[in-house]
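Enquirer: Now for the letters of each chain:
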Amino acid sequence: MPLVRGGRIVADDYVRVADDAPIPEGVPVLIGAARLAADPAILDRKAPVGVIWPNNRKIEELESYLGRLASIALIFPTFRDGRAYSQARRLRGRYGFKGELRATGQVLRDQFLFMLRAGFDAFEVTKELDAEAFPEVIHRYTRFYQPSIDDRPVISRIRRMRDAQTQTMPTRKAS
Amino acid sequence: MYIYDEFDQTLLDERVSEFRDQVKRRFAGELTEEEFRPLRLMNGAYLQLHAYMLRISIPYGTISSKQMRALAHVARHYDRGYGHFTTRQNIQFHWIKLEELPNAMADLARVGLHGMQTSGNCVRNISTDQWAGVARDEIEDPRLWAEILRQHLTLHPEFSFLPRKFKIGITGATHDRAAIRMHDIGLYMRRNEAGEVGFEVAVGGGLGRTPYLAQTIREFLPKRHLLSYIEAILRVYNQYGRRDNIWKARIKILVHDLGAEKFAREVEAEWAETKDEGLALEDKNIAEIAKRFVYPDYEILSDHPPELAGALKDAEFKTWYFNSVAPHRVSGYAIVTLSLKPEGKTGGDCTAEQMDAIADLADRYSFGEIRNGHEHNLCLPHVRQRDLPELWRKLEAIGVAIPNVNLITDIIACPGLDYCSLANARSIPIAMELTRRFRDLDLQRNIGRLHINVSGCINACGHHHIGHIGILGVEKQGEEFYQITLGGKADENARLGTLIGPAVPYEKCVDVIEDIVAAYIELRERPDEIFVDTVKRLGIQPFKDRVYATR
Amino acid sequence: MTSPLDQKLRIEGPVVITANRLRDGAVIYRTRQGHWTTDLDAALIVTDAQEAAALLSAAAAEGVLVVGAYPAPVEIAADGRILPGNLRERIRSSGPTFDLPRVPADV
Chain L
1 MPLVRGGRIV ADDYVRVADD APIPEGVPVL IGAARLAADP AILDRKAPVG
51 VIWPNNRKIE ELESYLGRLA SIALIFPTFR DGRAYSQARR LRGRYGFKGE
101 LRATGQVLRD QFLFMLRAGF DAFEVTKELD AEAFPEVIHR YTRFYQPSID
151 DRPVISRIRR MRDAQTQTMP TRKAS
Chain A
176 MYIYDEFDQT LLDERVSEFR DQVKRRFAGE LTEEEFRPLR LMNGAYLQLH
226 AYMLRISIPY GTISSKQMRA LAHVARHYDR GYGHFTTRQN IQFHWIKLEE
276 LPNAMADLAR VGLHGMQTSG NCVRNISTDQ WAGVARDEIE DPRLWAEILR
326 QHLTLHPEFS FLPRKFKIGI TGATHDRAAI RMHDIGLYMR RNEAGEVGFE
376 VAVGGGLGRT PYLAQTIREF LPKRHLLSYI EAILRVYNQY GRRDNIWKAR
426 IKILVHDLGA EKFAREVEAE WAETKDEGLA LEDKNIAEIA KRFVYPDYEI
476 LSDHPPELAG ALKDAEFKTW YFNSVAPHRV SGYAIVTLSL KPEGKTGGDC
526 TAEQMDAIAD LADRYSFGEI RNGHEHNLCL PHVRQRDLPE LWRKLEAIGV
576 AIPNVNLITD IIACPGLDYC SLANARSIPI AMELTRRFRD LDLQRNIGRL
626 HINVSGCINA CGHHHIGHIG ILGVEKQGEE FYQITLGGKA DENARLGTLI
676 GPAVPYEKCV DVIEDIVAAY IELRERPDEI FVDTVKRLGI QPFKDRVYAT
726 R
Chain B
727 MTSPLDQKLR IEGPVVITAN RLRDGAVIYR TRQGHWTTDL DAALIVTDAQ
777 EAAALLSAAA AEGVLVVGAY PAPVEIAADG RILPGNLRER IRSSGPTFDL
827 PRVPADV
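Residue numbers (the numbering used here), protein chains in the order written: chain L, 1 to 175; chain A, 176 to 726; chain B, 727 to 833.
Keep in mind that the hints were calculated from the coordinates and are not lab data.
The C-beta atom is built at its ideal place from N, Cα and C for all residues, glycine as well.
Mixed in with the good hints there might be a few duds.
Okay, derived cross-link-like pairs now, SDA-like style, lysine to any residue, Cα gap no bigger than 20 Å in a straight line [to be verified]:
no., chain 1, residue 1, chain 2, residue 2
1, A, Lys-466, L, Arg-162
2, A, Lys-398, L, Tyr-145
3, A, Lys-683, A, Arg-611
4, A, Lys-466, L, Arg-16
Here are some chain A residues pointing at chain B (derived, C-beta under 8 Å) [as the list claims (entries may be wrong)]:
no., residue
5, Phe-202
6, Leu-222
7, Leu-273
8, Arg-601
9, Arg-620
Modelling step: build the complete structure from the supplied sequences, incorporating the hints.
Expert: Printed below as a string of structure tokens:
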């Protein structure tokens, strides 16, 4: 399953570690929620640690770990289950999480833009073809009605800027 | 009505282009049906019994003549020459081909029409009173707020994959003509003690297998907080709504399970954290939408001009006038309802020819504007009273001046088993037979206001729970049977109807309705005690006795 | 009628394999040759649950052509014609049980 990060397919540097398996040294790891709770000292290691967080648990539970987590993987059990969008927005917005926010589960191209706008920046894409199409797909829409975590153009802001310009600019004479 | 600018238009064009690509990938096998289905639903495309059905959004039931002509074009070129106006102020085409759908959508996009979010687990068309902006009993036109919400909730990154569909209704009037309490979120525009206008917010309404009326969770929400508060409700729902059982996934179940008070606390707690996070509607935000809302340049006219007074001497015109014309907030004007309920035809259907003709009449008599209500009827909202006699003749000529509005043959019926893959029984033939049985207009007027609602399955798209007479089709051993409820209401005194007894077979259903109506005429206190009030006064027992005594 | 797609596979009496055509949603029936036809009379009659299951699997693999295949009950008339076996299938086969709004011929 290809990982898209920074807008293109990259090798995944993270290793998923099962709850009862030893943590490999010196490599970024993704651990489960139970393991994090059982052994938060994992976060003290030098190499990055990320957690795979279920979509039916509150983000609040992660609050004390956020400063030390390099990655949070949220889950779309099916692409129709949109709980992770709320989790992502909360992490980026309310908590200002700056680490990697990774979409996992059923991650299809028709949701890339929703995910990006909700704050995801890494994608375990289900289909190879979709991963390859990522750079093109994210330009399907050029402007959006509502503001979100991202900095894509927001229609209401553009309208106001344009109105402000037409009000302050002097009328040009034909030259 | 709202006029699109280039940004609204661009979004629409990009949407069409995206859907074209999705259809192409589906045909190429790059998308399975399971992956494709939610995508096409979010563009309003259902697969029904015979063909694809396309549902086009008519935001808050307001449509221009130019848009109406585009609908006629779609009916002609992509369908079988007609469309069906729905109970949520949309329009449906029942014979669409998927391979032609992107082209149909492109044609519609040119005039600012689309099927975005008319289906799927997202926020649907925000409905309102079809008399919004012109009714006399309005505090304020709710359509501005419906448009603000529509934009904010279109392709929303957080709320496009909810547990289930989400329907918002808003009214600015004291009399609820939009069944507000039947919505997932119902908004009433209210004035507080300081004279400010804001919203009463009710949550958790919905019909279907478990009907509930929405409960008020906040008595007064200031306008500036509309978006942040709605987001708080949606966020609570997105996170806690059930996703394991399709019958328990609506927000009404969550509100009912938590209790309205606890639910309200969850929303208020969520809102407290987010209300100042940049979604507050400042005057400039509101103004930027409001300035594209165009209102007619009304003339200064008097009520009851001589053209009208003279025409009222004609008995037929007078009948139509008192049935189909409602008072307008601007003197000298009137609101005209176009009945799409002719005898023996499917109520709410409109041919391409009728659509074109109605568009022309709208241009001539209604500032180019048409409204779509909740009863599968249309409305011309800005007609000069002095034009009424002339307009009437033209409406008659196209068959939309039957003076049966709000009468027994003004029936709401879902498409039912004749069209719909979810249905258990047919509903349209029941409605058709009712229009034949009660064809006599004198009889209809004698009966008075009586709302019949017919649904072909428990999903209740015919809103049978809130009909004065509700008819629900069920299947028993391969045969169609119909359960009958009495006493439902859709307005500000909303209530659900009461079942009168065991379901009756298809052949007997209309006879039973006749018996119920006959009983009403005998039992009513005065001729002007309407059916639903008689039921309220006496309960269902006398009707039950009448129906089941000999059966 | 509860959608047949939601019912467990159980064959009582003759059935045909039916679906909707992906490209236009038209009602189609599987023929003996494995093609899809809009003519019910040309459909393959199946009486065995295993055979039906195999044919449904085959249909599922034809996802670019057909959607939602299931076994639909039929009746065989005395003259051998295949008739729809219930109201839902009658409607799927012949359309709505009333006239559609008429369109003037000159349009």
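Enquirer: Hints first: check each against the structure and report whether it holds.
Expert: A quick look at each hint next to the structure:
no.: 1; hint: Lys-466/A <-> Arg-162/L; in the structure: holds (14 Å)
no.: 2; hint: Lys-398/A <-> Tyr-145/L; in the structure: holds (19 Å)
no.: 3; hint: Lys-683/A <-> Arg-611/A; in the structure: holds (15 Å)
no.: 4; hint: Lys-466/A <-> Arg-16/L; in the structure: violated (54 Å)
no.: 5; hint: Phe-202; in the structure: holds (6 Å)
no.: 6; hint: Leu-222; in the structure: holds (6 Å)
no.: 7; hint: Leu-273; in the structure: holds (6 Å)
no.: 8; hint: Arg-601; in the structure: holds (6 Å)
no.: 9; hint: Arg-620; in the structure: violated (27 Å)
Going through the hint list in order, the structure does not satisfy hints 4 and 9.
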